[in-house]
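Those sequence lines, one after another, are chains A and B.
Residue numbering for the first sequence follows my numbering, beginning at 1 and increasing consecutively.
Residue numbering for the second sequence follows my numbering, beginning at 1 and increasing consecutively.
Simulated from the structure, these hints should not be mistaken for lab results.
Misleading hints may appear alongside valid ones.
[Claimed, not checked] A few chain A residues that don't get close to chain B, going by computed Cβ distances all over 10 Å:
1) D5
2) L37
3) S45
4) G64
5) G65
6) A78
7) Q144
8) D192
9) T210
10) E213
11) G218
12) F220
13) G241
[Said to hold, decoys possible] Taking beta-carbon pairs under 8 Å as the criterion, some of the chain B residues facing chain A (in silico):
14) E650
15) T651
16) L691
17) V695
18) L703
19) S704
20) Y707
21) M708
22) D709
23) Y710
24) A711
25) W781
Glycine is no exception: its CB is placed at the ideal position from the N, C-alpha and C atoms.
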Amino acid sequence: MYSFDVVRPKSVADAVAALGEEEAQALGGGQTLIPSLKQRLAMPSVLVSLAAIDEIKGVSSEGGGLTIGGGTTHATVAKDCAASYPALAAMAGNIGDPAVRNRGTIGGSLANNDPAACYPAAALASGATIVTNTREIAADDYFQGMFTTALEEGEIITAVKLPIPEKAAYIKFEQPASRFALVGVFVAKFTDGVRVAVTGASEEGVFRWTEAEAALSGDFSAAALEGLSVSADGLMTDLHGSAAYRAHLIGVLTKRAVAQA
Amino acid sequence: MPKDHGIGAAQKRREDVRFLTGAGQYTDDINVYGQTYCHFLRSDVAHGKITSLDTSAAEAMPGVLRIFTGKDFEGIGGLPCGWQVTDKNGDPMKEPPHPVLAQGKVRHVGDPICAVIAETLDQARDAAEAIELEIEDLPAVVDMRAALETGSAKVHDDLEDNLCYDWQFGSDQAVVDKAFAEAAHVTTLELVNNRLVANPMEPRVAVAEYARAKDESTLYTTSQNPHVIRLLMGAFVLGIPEHKLRVVAPDVGGGFGTKIFHYAEEAFVTFAARQINRPVKWTSTRSEAFMSDAHGRDHVTKIELALDAENNFIGLRTDTLANMGAYLSTFSSSVPTWLHGTLMAGNYKTPAIQVNVKAVFTNTVPVDAYRGAGRPEATFQLERLVDKAARELGVDPIKLRRQNFIESFPYATPVAVEYDTGDYVATMDKLEEMIGIPGFAARRAESEAKGKLRGLGVNCYIEACGIAPSNLVGQLGARAGLYDAATVRVNATGSISVMVGAHSHGQGHETAFPQVVADMLGIDESMIDIVHGDTSKIPFGMGTYGSRSLAVCGSAMVRATEKIINKAKKIAAHLMEASEGDIELKDGMFTVAGTDKSVAWGDVTLAAYVPHNYPLTEIEPGLEETAFYDPANFTYPAGAYACEVEVDPETGKVTIERFAAADDFGNVVNPMIVEGQVHGGLAQGIGQALLENCVYDADGQLLSASYMDYAMPRAGDVPFYMVDHSCATPCTHNPLGVKGCGEAGAIGSPPAVVNAVLDALNHAGHDVAHIDMPVSPHRVWQAMQG
Ligand SMILES: Cc1cc2nc3c(=O)[nH]c(=O)nc-3n(C[C@H](O)[C@H](O)[C@H](O)COP(=O)(O)OP(=O)(O)OC[C@H]3O[C@@H](n4cnc5c(N)ncnc54)[C@H](O)[C@@H]3O)c2cc1C
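All chains should be built: construct the whole structure from the sequences, respecting the hints.
Structural data, given as structure tokens:
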């Protein structure tokens, strides 16, 4: 690590002010940022820890939806959403290990937008709204490619609003080493249609499989997906799987998610 | 009732108390007054010429004490290789220099170029970033086949090419040719034994200090064999005589072979501490471990089996390329030759065997012994081949194996070694019972009902352990003897310290070794402690690897204890005014045969140190004995393993449902420790078979350079094992009759796993002859696509 200062503001306003400093960076649970600091891959002068801001923590439900504070840990989501949104809770409960889940936050995960992360699939499939200190961004506009989002410099995710689907499931096929998603598919069925979000597969990060959505909106069954496939073009190839394999897995996992939902 | 004392008792490991309560003393826990920190600037390219190197700006940075470069090591020895292999023309292997810090050229990603010493680690890292270094990229030599083509770039400019040696071994050419000419069937298989990274939980660490007034150096290091490091580093690299160099390997958090070798970093800190007259500490990061710990395996092999019309094995021929990496690590040259070629007979009486191995230099991290070292490579190719032959011939793979088993012992193989004992039929019988062959069809049907494919894979293995007889290994090119030593020091009150040359870094010596001595003397284990890992405390020792600790060092300890008993009997005879020949030792009491006279163990030991009533004219006071032990042969643990897998036909994912291991380890001192060793070995073997893979790209960049991409086995990846070691045929040539159990699991399990996957796929109608390890979901899916 290079040396840096740490501040622990107690309010979003103070955090935003602190992030106005040159080379300041937000610190959520540190589960992504700290390893990259250890590798000397980032060089912030000050880390603005969001861990002491109570107003961005916790889960509340209103009007058929959930609002999850941006600083809420995966462990809290796993516990507090188990009854209201089981598919989301199960997804959060299967991220990393207990240490990662007790530290890592939904805001950090969405801000980072790792192409193999789980939360982006959940947010996109749920049609979530990302709430920041300045605005609200629809998930469809928020994810803009690998590690790229609509967030501006210094903008903080304060909350994520998620409508609760009638049925949903997330199936993660684990990359054998990292246990991130080699491919992960989140399927969410709402009264007005089905959304299918795929993570781990594309060079552009999380994306919606619209053909599957259309088929499932008419008939929410694995059989409805018969004959549909995703093109391998633009999918990732790495040590753990080729683009063709990923394309194949998307089909398999989507069917399994529908069956499980 | 199971024994709770002495040899055969399943005592809990006493060392675990300190390991599990965080009270272990590892090298990184050692901090010396005035200590400085070392950071290595390492090459980030695989192959290149250093065109300019300027450390002046870095040297001026805060806290920097000194920056060393290859220039500081001109005229100082490089890292030696401990085993000289002679090639098939009688020429010695090519042995290019292995500098401590790069001399003009870098040869793998991670090759150390400079070492920065500063007051803090961060200062050292900061300064390393300020070093002005220019490297002119050279084409990287990565693929072994390409490396041997004419016109390939050369890893070492002074060599003719990238060939280290071309080794041939076994039966005469004519004999082998005849077997293949007469064969009714020949099965051929080409395969890769995947490169692995050992990944002990504790990364390497070295701390060195120098006492200028006494001209003494001390090195604390994460080693499996401190005396070997003292010898190699003192004699060959730095020119420090033994009496001025102390090497300490305290608690070591796993070795698996990769901590046998003498490394540049430990030589460097010892050298630097003398130069700057301050202690120097280096702690490897996990990232550094991936690019500087010696890797394992990495063979590419073509193997052929000739069978007669009755399916008897009549000939075997192999052709292997073995990756040496960029430099010869300490025992690298012996692994694909003497630890591999000599095991190619396996458990079978194949009369004609020829092994060919070309060792190749590449721009990758050096490759050396990793748990099993050579024997897993031999076992994998042979047992995969036998399985393939069975499938081609349409015969039962177990029956084919049984038909060809060696059944009478001793048995001299066509590849130089003589197996002393074994009973391969018994271990196979046991295995069939454990895995439950008759129930397999029902289990397969159950899996199929869930939409899964089920397969059963079986294999045998043989290994040569207890490494080993010095005269034999000397003929084979070893530059050291491979005996071991122990000193048994009995104190005045009867408590005992045993100084052993073996080093314990997970093997449980501190528990098992006292069981042996306690058994011999009839006293309680709690009276006995093991001392190891410090050249200033133990007589000598070649260390722990090759499952040799109990077989070799344990035997030395037995010999020393026998000497103790002899002397103690003399003292007892004097105390009881009896003749020495009538003294018996039982349950810690000396008695005179046929009388009720007795003296206790403690009375005798006290007399030895308070010799008021003592035969001083006949024997010396005190009670301490040392023995060196050099065995007459290797030991040959063997066994049979079975694995049942489920394959998800949609994703290709393999899960292990059942695993059975029937091992013959000879006599067993502590069955709980033996089971633990087998479990650990199986986890590593399953890791190799399903998960682990060290991969370089065409430019020599390490792609699997962290746990994000290098898949280690975790608890959830392995089943509850069924293990058994009841089919024991004791070793005939060591006093304990033990064979060694440390590597068996890693040697015996990979073929069982792969055979099981192929059984599942072929049974389901997929005509798949082989899948290379790791048998990842992606590879299985690809194989199913045809
Ligand atoms: C061993 C391990 C396994 C993992 N496995 C998985 C897995 O299976 N699936 C998965 O999805 N993830 C996985 N993760 C990642 C984990 O979910 C992280 O918690 C997450 O990616 C980052 O969240 P964080 O709160 O730790 O963010 P940090 O690491 O603190 O920050 C990450 C980035 O987000 C920014 N940031 C943080 N909080 C905010 C905020 N509220 N607003 C704006 N910007 C913010 C930071 O400035 C930084 O750029 C794993 C991590 C580890 C270490």
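Here is how each hint holds up against the structure:
1. Once the 10 Å rule is applied to beta carbons, D5 of chain A is consistent with being away from chain B; the minimum gap is 15 Å.
2. The Cβ of L37 of chain A sits about 12 Å from the closest Cβ of chain B, beyond the 10 Å cut-off, so the non-interface label holds.
3. The claim that S45 of chain A is not at the interface with chain B holds, since no C-beta of that chain comes within 10 Å of its own (minimum 15 Å).
4. Taking the minimum C-beta to C-beta distance to chain B, about 35 Å, the non-interface status of G64 of chain A holds against the 10 Å cut.
5. With a minimum CB-CB distance of about 34 Å to chain B, G65 of chain A clears the 10 Å threshold, and the non-interface call stands.
6. Separation of A78 of chain A from chain B is adequate, the least Cβ-Cβ distance of about 18 Å exceeding the 10 Å criterion.
7. Distance check on Q144 of chain A: its Cβ is at least 23 Å (rounded) from any Cβ of chain B, clearing the 10 Å threshold; non-interface status holds.
8. Distance to chain B confirms D192 of chain A as a non-interface residue, since its nearest Cβ pair spans about 31 Å, more than 10 Å.
9. Every C-beta of chain B lies more than 10 Å from that of T210 of chain A, the closest at about 23 Å, which supports listing it as non-interface.
10. Remark: the non-interface label on E213 of chain A is consistent with the geometry, its nearest Cβ contact in chain B lying 21 Å away (cut-off 10 Å).
11. For G218 of chain A, the condition that its CB be more than 10 Å from all CB atoms of chain B holds, with the nearest at approximately 24 Å.
12. Every CB of chain B is more than 10 Å from the CB of F220 of chain A (nearest about 20 Å), matching its label as outside the interface.
13. With a least beta-carbon separation of about 4 Å from chain B, G241 of chain A fails to lie farther than 10 Å from that chain, contradicting its non-interface assignment.
14. At its closest, the beta carbon of E650 of chain B sits 5 Å from a beta carbon of chain A; the interface hint therefore holds under the 8 Å criterion.
15. Interface restraint check: T651 of chain B against chain A, minimum CB-CB distance 6 Å, threshold 8 Å, status holds.
16. Interface hint at L691 of chain B: satisfied, since its Cβ lies 5 Å from the closest Cβ of chain A, which is below the 8 Å cut-off.
17. Hint on V695 of chain B holds. Least Cβ distance to chain A is approximately 6 Å, under the 8 Å limit.
18. For L703 of chain B, the shortest C-beta to C-beta distance to chain A is roughly 6 Å, which falls under 8 Å, so the interface hint holds.
19. A hinted interface residue such as S704 of chain B counts as satisfied when its beta carbon comes closer than 8 Å to some beta carbon of chain A; here the least separation is about 6 Å, so the hint holds.
20. Checking Y707 of chain B against chain A by beta carbon gives a least distance of about 6 Å; that is within 8 Å, so the hint holds.
21. Among the interface hints, the one on M708 of chain B holds; its C-beta lies about 5 Å from the nearest C-beta in chain A, closer than the 8 Å criterion.
22. With its C-beta approaching chain A no nearer than about 5 Å, D709 of chain B sits inside the 8 Å limit, and its interface hint holds.
23. For Y710 of chain B, the suggested interface contact is upheld, since its CB lies about 6 Å from the closest CB of chain A, less than 8 Å.
24. Proximity of A711 of chain B to chain A holds as hinted, the smallest CB-CB distance being about 4 Å (cut-off 8 Å).
25. Among the interface hints, the one on W781 of chain B holds; its C-beta lies about 6 Å from the nearest C-beta in chain A, closer than the 8 Å criterion.
Taken one by one, the earlier hints fail for this structure only at number 13.
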